[in-house]
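Peer 1: Spelled out, the chains give:
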Amino acid sequence: GESVGLHLPTLSVQEGDNSIINCAYSNSASDYFIWYKQESGKGPQFIIDIRSNMDKRQGQRVTVLLNKTVKHLSLQIAATQPGDSAVYFCAEKKDNTGKLIFGQGTTLQVKP
Amino acid sequence: NAGVTQTPKFRVLKTGQSMTLLCAQDMNHEYMYWYRQDPGMGLRLIHYSVGEGTTAKGEVPDGYNVSRLKKQNFLLGLESAAPSQTSVYFCASSYSLTRLSNEQFFGPGTRLTVL
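Protein chains in written order, with my numbering: chain A, 85 to 196; chain B, 1101 to 1215.
The reader is advised that the hints may include incorrect statements.
[To be verified] Computed list of lysine-lysine pairs in DSS-like fashion (alpha-carbon distance at most 30 Å, straight line):
hint : chain 1 : residue 1 : chain 2 : residue 2
1    : A       : K195      : A       : K178
2    : A       : K121      : B       : K1157
3    : A       : K152      : B       : K1170
4    : B       : K1170     : A       : K178
5    : A       : K155      : B       : K1170
6    : A       : K126      : B       : K1170
7    : B       : K1114     : A       : K177
[Unchecked claim] Stretch by stretch, here's where chain A covers chain B in the computed footprint (C-beta under 8 Å, at least three residues):
hint : segment
8    : 1139-1151
9    : 1187-1194
10   : 1204-1210
[As the list claims (entries may be wrong)] Pair ranges (Cβ atoms, derived):
hint : chain 1 : residue 1 : chain 2 : residue 2 : range
11   : A       : S124      : B       : N1173     : 47 to 53 Å
12   : B       : E1179     : A       : T153      : 45 to 51 Å
13   : A       : K140      : B       : P1183     : 32 to 38 Å
14   : A       : G100      : B       : E1179     : 47 to 53 Å
15   : B       : N1173     : A       : T181      : 18 to 24 Å
Because the hints were derived from the structure by calculation, they are not lab data.
C-beta atoms are modelled at their ideal positions from N, C-alpha and C, and glycine is treated no differently.
Chain A with its partners taken away, still in its complex shape (with noise of 0.2 Å):
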């Protein structure tokens, strides 16, 4: 069935390194991506989003990559700050109808 899951469940980083964080989906036919962060105790928050047809998108320190080859998307985070410590997780937009697809999330952490 489809699925939108995420390679690690935690990943520890170095304040002022980048973050990867990835993510790998089954169904082909979604015509977004999307990246969500959520904070303890917080609802998700959007992050960036990416149209199928596109490979790279860039926002304020976070870059999306789309490989649609392997099914693959990460998320890059430049200079990764205290502040981004939090859960991230991956979705689809398949519809008009505005349904997500989440993927499990990887925990980010971000070591001073």
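Since chain A is already given, all that's left is putting chain B on it; use the hints.
Peer 2: Just chain B, lined up with the frame of chain A:
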């Protein structure tokens, strides 16, 4: 502008009891969603609504009902709570397709325990 609010924040139920979770948004969003989040898992869609008076089933709708009588409110009901419904429930809202945005705005969540 409060965004998306949820009440209550916490609730403990006994098996078989019923309750209603309330979600409200003040952003004039057309679409609203209810998700549940269990440990080690991502969010799973329970029900959603693409407009006032309309609702539809998501991935895990069994045991839940919803209503969208007013555009700004989306209610999630548990008629007979079961321990398997112990979870954190999130409500979200988003613009319609005409706004061309994929961003869903989430509430702070309701932590529900069913004994």
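Peer 1: Take the hints in turn and mark each one as holding or not.
Peer 2: Checked hints:
1. Our distance criterion of 30 Å between C-alpha atoms is broken by A/K195 and A/K178, whose separation comes to about 36 Å.
2. For the proposed pair A/K121 and B/K1157, the alpha carbon gap of about 25 Å is at most 30 Å, so the pair holds.
3. At most 30 Å may separate the alpha-carbon atoms for a hinted pair to count; A/K152 and B/K1170 exceed this at roughly 40 Å.
4. The straight-line distance between the Cα atoms of B/K1170 and A/K178 is roughly 27 Å, inside the 30 Å bound, and the hint therefore holds.
5. Taking the CA atoms of A/K155 and B/K1170, the gap is about 40 Å. The hint is violated against a cut of 30 Å.
6. For a cut-off of 30 Å, the pair hint linking A/K126 to B/K1170 stands: about 25 Å separates their Cα positions.
7. The straight-line distance between the Cα atoms of B/K1114 and A/K177 is roughly 36 Å, outside the 30 Å bound, and the hint therefore fails.
8. With a cut-off of 8 Å between beta carbons, the segment 1139-1151 of chain B has 8 residues touching chain A; three or more are needed, and the interface restraint holds.
9. Counting residues of the segment 1187-1194 of chain B whose beta-carbon sits less than 8 Å from any beta-carbon of chain A gives 3, enough to reach three: the coverage restraint holds.
10. Three residues within the 8 Å Cβ limit are the bar, and the segment 1204-1210 of chain B against chain A gives 6, so the coverage statement holds.
11. Checking the proposed 47 to 53 Å range against A/S124 and B/N1173 shows it is violated: the Cβ atoms sit about 28 Å from each other.
12. The supplied range of 45 to 51 Å is met by B/E1179 and A/T153, whose beta-carbon atoms lie about 47 Å from each other.
13. As the Cβ distance of A/K140 to B/P1183 is approximately 45 Å, the hint placing it in 32 to 38 Å is violated.
14. Take A/G100 and B/E1179: their Cβ atoms lie about 52 Å apart, and the range 47 to 53 Å holds.
15. B/N1173 and A/T181 have their C-beta atoms about 19 Å apart, which keeps the hinted 18 to 24 Å range intact.
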